[in-house]
Amino acid sequence: MDLQAKDCNDVKIFMFEGRLDISRCTEVEAELYRAIDCGNFKLILDLANIDCLSSSGLRIFIAVMKKLKEKNGRLGLCSMPPHVFKVFKVVDLDKVFEIYDSTDHAIACFQESA
Amino acid sequence: MHTKARGKFNIFMGIVKRINTSIDLNETLSLIMGGAKQLMKSEASSLMLIDHETNELFFNVATGEKGDILKEKRIPLHKGIAGIVAATGESLIINQAENDPRLYRHVDQITKFSTRNLICVPLVVEDHIIGVLEVLNKINKDSFSQADLETLKSFSEFAALAINQRNLYQRMENKAYETSVLYRLCETINSCDTIDDLLNENIRIVCEALQSDRVSIIAREGDAFVFKASVGIPPKVLKNRKVSVNENVLEYMIRTESGVVSPNIHEDERFEIKSPARYKNNSFVATPLKLRSKIVAFLCVTERKRKTPYQQWDLRLLEMIAQQIMENYLHSQLTEEFKNKQKMEAELAITARMQQDILPKEFPADGQLDIAACTIPAKIVGGDFYDFLPLGQGKYGAIIADVAGKGIPAGLFMAISRSTIRVHFAHTHSPAKILELANKHIFADSRSGMFVTCFCCILDTQKKEITYANAGHYVQYLLKSRTRQIVFLHTQGKPLGVFPQETFQEKRLSYDPEDILVLYTDGVTEAVNAKFEEYGDRRLKTRIRSARESSSEGIMKLIIDDISKHQGNAQPFDDITLMVITLKDPGRVEAKLRVDSQLRNVRVILNEADRILKEVNAGKEQASDVLTSIDEAFANIVHHGYENRPDGIVDIDMAMEGNVFRITFTDEAEQGVPPPLPPTLGRALLDNKGNLGIGRYLIHNLMDDVQYERTGIQNHLTIKKKIT
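Heads up: the sequence lines are chains A and B, in that order. Per the working numbering, the very first residue in the first sequence carries number 21; after that it's consecutive. Per the working numbering, the very first residue in the second sequence carries number 3; after that it's consecutive.
Honestly, I wouldn't trust all of these hints.
Covered stretches of chain A (chain B as the covering partner; in silico rule of three or more C-beta atoms under 8 Å from a C-beta of chain B) [unchecked claim]:
1. 58–64
2. 88–101
Listed below are several chain B residues computed to face chain A (Cβ distance under 7 Å; list not exhaustive) [unchecked claim]:
3. Ile17
4. Val18
5. Ile86
6. Arg605
7. Arg613
8. Glu623
9. Leu629
10. Thr630
11. Glu634
12. Ala637
13. Gly697
14. Leu700
15. His702
16. Asn703
17. Asp707
To be clear, the hints were calculated from the coordinates, so they are not data collected in a lab. No residue lacks a Cβ here, since even glycine has one placed at the ideal position from N, Cα and C.
When you get a sec, could you build the whole thing from the sequences and use the hints?
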């Protein structure tokens, strides 16, 4: 599991790579919280290169989304491959998140409504 | 004023005018002498200056027929009229010189001059007597008058001032000259590459500085003195490089530890002249060259181009030059040493690189083995090594060894030992026999008492066996993939090169796929930190057991990083060598693992599942479904089965059965994973109702079949997925 971050104006983008298994959850969650605590309230998670995602991963996304809503921020999930989207769909969470087909699309939407 | 007096005054002023226009000291002195003679109407005059170093009076210039003879003649202070005047500062007028016992007859004898009468006045500058001025034999009269004395006194006052002024000027000029010479000498440090070049260049500067044709440096070489560098010495003399230091001026310098200046060596008892014809000019100046106050050489200068002989000032200049030449010599010597050291270091670096180069970097093993190895020498050239050889028919040889000692000797011995051991692999595939044969040869080569500890093993990937023998090396480790326990590999055995005849024990054990062989030298476990605490085998074992990396390279880096962390800034004492071999089974589509109930262990299980999925070319979605389900199943066992206790055991048995991937989890938790619940929607997560059930819900949806069974104290969860 590798997590890289980059900034695009007021939007922070995290790029996931590898398996987001339960042994990596704590560190990934901490990293995302750190970003929020630093004042990044517009987060985009690029899931294009994620190999597998389990409920522990979903739990992080939900927790981050809730935290951002408190701050009037936004969370966007992008570029999900079908096998990842499937997991969202199975547990009926596909309508709960803002899901975009690309990071560019997400950034554009974030800035349009701002 | 009387006409006579006016005439005298005019003469006086004329002389003064001429003196004032002269800059050169000698010319000034000549003018003073001539002036005194003319003014006093005397047959001769002389001027002597005091040499405060030798307490002598010396004739700088004398006029009259015999003037030249007197030049540079020296008389002791207090001797003769001049001596008395110089010592007392009182003028003397003597009109019956023939009978006066105070007269120093020596000078008259040399010059064959007969002194009848004389006036001698001191030359005084600021209460300092610098010399005396004498006029001798009043022309056409029997005696000098008191008036004459007064006139000469007045003249001497003026003369003393003029001399002092010229002296100051001369001294300044000398200083400037000395400085320029020293500067030129300093410059040669940078322009000359070798010590010989430097010395030759320096003596060329001495030639110019002292306006001389012959300069030599005669240096100590063992017990003798030889010409080290020279200019103008006839080849005949140089041929016999050795220079005698018996009863000659060199011996005198050794004895007195000081330099020599001689206006005429033929009249100087310090010189033993064997072949007078060698010198065209009789003046000589030389000084010893000292290193830490010991005479190591002489700097000799002869054949002055100018007619005037060398003076004290020339010796002082030469002494200064000698000091600078010595500085240059030392500097050049240091530079040469530094260059040699740099060259040595460059050669050492090449040796180190060559040594690293002979250690294999690639390990061709047809996917049967995943190997990573490295060695970090404590000094540039180390004594540790590892080796790896494919032996054919799925067999591979692996060696790790540690040569006693460090640096170049250990490095050389390492190269010999490595080749020797390597050669014997061609004859036998028995590690014990290889060590026995290698020991014989290494013992024969080890004249300096060097020895090498070595662990030698052969990995048979067809039989899945490790055969090993040990020559005084540490216990080596095999990490079992299923249990994550470490098996020790060790046999008793002496290091290679200690005894001529030695036999070794051999042991054999089977391995399971994904077992990891860790070979290391004592530099690993004995790596110390700043407090001299060793890294230790316990920490090494813990690190190996906790490694969740999927490659040997990853595990090796993990251990090396951990050692570096332990060492901190402490200087490494010993070479660190590590070889990690993961024993593979390519094409194997099953795996059995045993792990503790800790979340991080999910990675080991996922690594294996991933490997099998790749082996059967599973699609991305199917692979993701399986991996996600394994993650959920293991998380549930840890969280809900063992309730986060870290010491529960989980056995995982996975295998492709036809086109179905089956994974069975077996645990001994009191509370087994409950039977499948009715689907709980993910929205439960949103309501903070926890994720109980969502994992199982996911498994049910992603996998084709989920079975739960409890037998005795064990819970079995079997999940299946068809791979198409």
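Against the structure, the hints come out as follows:
As drawn, the segment 58–64 of chain A meets chain B at 0 residues by the rule of a beta-carbon pair under 8 Å; below three, the given contact is violated. Coverage of the segment 88–101 of chain A by chain B is violated. Counting CB-CB distances below 8 Å, 1 residues qualify, and the rule asks for three or more. For B:Ile17, the interface hint is violated, since its Cβ never comes within 7 Å of a Cβ in chain A; the closest pair sits about 98 Å apart. Hint on B:Val18 is violated. Least Cβ distance to chain A is approximately 95 Å, over the 7 Å limit.
For B:Ile86, the interface hint is violated, since its Cβ never comes within 7 Å of a Cβ in chain A; the closest pair sits about 102 Å apart. Annotation: interface hint on B:Arg605 holds; nearest CB of chain A at approximately 6 Å, less than 7 Å. Violation of the interface hint for B:Arg613 is found here, the shortest Cβ-Cβ separation to chain A being roughly 13 Å, above the 7 Å cut-off. Hint status for B:Glu623: holds, given a least beta-carbon distance of 4 Å to chain A, under 7 Å.
Annotation: interface hint on B:Leu629 holds; nearest CB of chain A at approximately 4 Å, less than 7 Å. Restraint check, B:Thr630 versus chain A: the minimum CB separation of about 5 Å is within 7 Å; hint holds. With a cut of 7 Å, the hint placing B:Glu634 at the interface with chain A holds, because the nearest CB-to-CB distance is about 5 Å. Because the smallest distance between the Cβ of B:Ala637 and any Cβ of chain A comes to about 5 Å, under 7 Å, the interface hint for this residue holds.
Interface hint at B:Gly697: satisfied, since its Cβ lies 5 Å from the closest Cβ of chain A, which is below the 7 Å cut-off. The interface hint given for B:Leu700 is met, as the beta carbon of that residue sits about 6 Å from the closest beta carbon of chain A, less than 7 Å. At its closest, the beta carbon of B:His702 sits 9 Å from a beta carbon of chain A; the interface hint therefore is violated under the 7 Å criterion. Below 7 Å, beta-carbon pairs count as interface contacts, and B:Asn703 has one with chain A at about 5 Å; its hint therefore holds.
Because the smallest distance between the Cβ of B:Asp707 and any Cβ of chain A comes to about 16 Å, over 7 Å, the interface hint for this residue is violated.
When the structure is compared with the earlier hints, violations turn up for hints 1, 2, 3, 4, 5, 7, 15, 17 and for no others.
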